Amino acid sequence: MSTTIAPPQPLPASVIEQSRSEVKRGKWWTYIPLALLALSFMLPLLFMLSSSLKPRDQILSDLTSWKAFLPVGDLSLDNFTAMFNRVPAGRFMLNSIIITTLVVVLGLLVNSMAGFALARLRFRGRTVLLSAIIATLIVPFETYAIPMVYWVNRLPRIVLYSDGFAIEQGWSNSYEVLIIPFIASAFSIFLFTQAYKSVPREIDEAARLDGASWFRVYRSVVSPLIKPTFATAAILTFLPQWNSYLWPLLVVQKEEMRPVQVGMRYFFASGTAEGTPWGQIMAYTSLITVPVIIVFVIFQKQFISSIASSGVKG
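Under my numbering, the sequence shown has 251 at position 251, and the numbering climbs by one with no breaks.
Since the hints were made in silico from the structure, they are not lab data. One or more hints might be untrue.
[Stated by the list, open to error] As a list, the in silico DMTMM-like pairs of lysine to aspartate or glutamate whose alpha-carbon atoms are at most 25 Å apart: (1) K67 with D78; (2) K254 with E176; (3) K227 with E202; (4) K227 with D210; (5) K67 with D57; (6) K254 with D163; (7) K197 with D210; (8) K301 with D163; (9) K227 with E256; (10) K254 with E142.
[Stated by the list, open to error] Just the calculated beta-carbon pair ranges, DEER-fashion: (11) I167 with P291: 32 to 40 Å; (12) I294 with S40: 37 to 45 Å; (13) P44 with V105: 40 to 48 Å; (14) V290 with G211: 45 to 53 Å; (15) R216 with L77: 49 to 57 Å; (16) T30 with R154: 54 to 62 Å; (17) A132 with T64: 53 to 61 Å; (18) L43 with R265: 20 to 28 Å; (19) R265 with I98: 18 to 26 Å; (20) F165 with L137: 33 to 41 Å.
Please read these numbers as outputs of a predicted model, since none were measured by experiment. Even glycine gets a Cβ: it sits at the ideal position worked out from N, Cα and C.
With the hints as extra help, turn the sequences into a complete structure.
So, in structure tokens, the structure goes:
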């Protein structure tokens, strides 16, 4: 006795259309709270940008209304002009760009190579070494900042002159003291180690059998497979370095060597007869916020991809 299974019948068009409408209504109910949440995060940014275009008296009068978040009223670029006349903002910006770029680029190279060695190479003590690196994450920077100042002021460095060079003692007031101590990052090493461990070992073993060196395996075989991790490490290195304040304040005394965050002190330390120049402060903070937004826009796709893949792996 044979049994015949009837093929599935297509749903009526009215049922399909009703299901699509329900899905759309469900999405709208999901999008509305997300949009409100996103707007709440945008409000401080809108306040900063709109206030940078207003005179000080209007900023204070708009604080009690929704006008504080909108570019309305007497708008001009006078705050930006006054800000550049008050502090060498261009020099501060250039210092931060040089320092942050070198820390990010050198940090990606050094930390990824360290993560590759800990994840792919077999040597005695690598587990203990990785545990020691991770343990440094729980030590706050403020606890060892002063000992670091002591040591960097006793390290020799080469200073170039027009007629030669000289070896001087102390790294204060130099780019070295702002860059070199922050190239190696325990969190980035841990991040790269986990990413390299997720790649099957058979890939680099096949490359080794074909005669590739370990450096070529690192550069050409395995690293291209974890590009989102590089983007994540770049953003997570860029943000604290761009916002660094305590360390430059301790080791840099020359004005021409200071980064943008230290420049904020000029506005609060040199108030005018009218009071705190809030418009110039907002203009300055708007200026130093632009690079952060640009970096996030460039790397956001890889950054979100890295977070999503990490969530899937659980």
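### Query
Tell me, which hint numbers fail for this structure?
8, 9, 12 and 13
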